[in-house]
Amino acid sequence: MIKTIITGHGNFATGLKSALELLSGEHKEIMAIDFTETMSEKDLAVELENVSKGNVAILYFTDFAGGTPFKEAAKISVLNKKIKVVSGCNLNALLESIFKEYDSVKAYAQDLVKITKDTAKLADFSEPISTKNFAEDGI
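Numbered by my numbering, the letters in the sequence shown go through residues 1 to 139 in order.
Hints may contain errors.
Stated by the list, open to error - Restraint-style ranges between C-beta atoms, simulated for each label pair:
hint, residue 1, residue 2, range
1, Thr38, Ala107, 24 to 30 Å
2, Asp124, Lys42, 44 to 50 Å
3, Ser130, Asn11, 14 to 20 Å
4, Thr38, Ser130, 34 to 40 Å
5, Gly54, Lys117, 28 to 34 Å
Note that these hints are calculated values from the structure, not bench results.
The beta carbon of each residue, even a glycine, is placed where N, CA and C say it ideally should be.
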């Protein structure tokens, strides 16, 4: 099992986890750690380090590269080959990947990036479209 730790600025992590659970139910292997305005970089580092203890594969899912959550997760990953960090991935990628089995945390990280690239779309309505096949409710 690979533990997934979502982290990001504000309530990114808890918001993403909430959306994921609304769509697919609870996932015990997924945690959320928000980096709120009341926290210092050290506070976040301590929280991330606490959940990284043990001999388990971990994927840090961060909001964007270069931000504090990404940098703190990256510092931890440098010391442990069982930890990978991805940034900028989307809910669609997380939702699709949680139902797959991966041989390694690296394969999981690579798949998240690939799915994000494949599913990011521009709604282009320059051509007329028919709305008769649209579902009445969303997901």
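Each hint tested on the structure:
{"no.": "1", "hint": "Thr38 / Ala107: 24 to 30 Å", "result": "36 Å, violated"}
{"no.": "2", "hint": "Asp124 / Lys42: 44 to 50 Å", "result": "45 Å, holds"}
{"no.": "3", "hint": "Ser130 / Asn11: 14 to 20 Å", "result": "38 Å, violated"}
{"no.": "4", "hint": "Thr38 / Ser130: 34 to 40 Å", "result": "50 Å, violated"}
{"no.": "5", "hint": "Gly54 / Lys117: 28 to 34 Å", "result": "32 Å, holds"}
Checked against the numbered hints given earlier, this structure breaks hints 1, 3 and 4; the rest are met.
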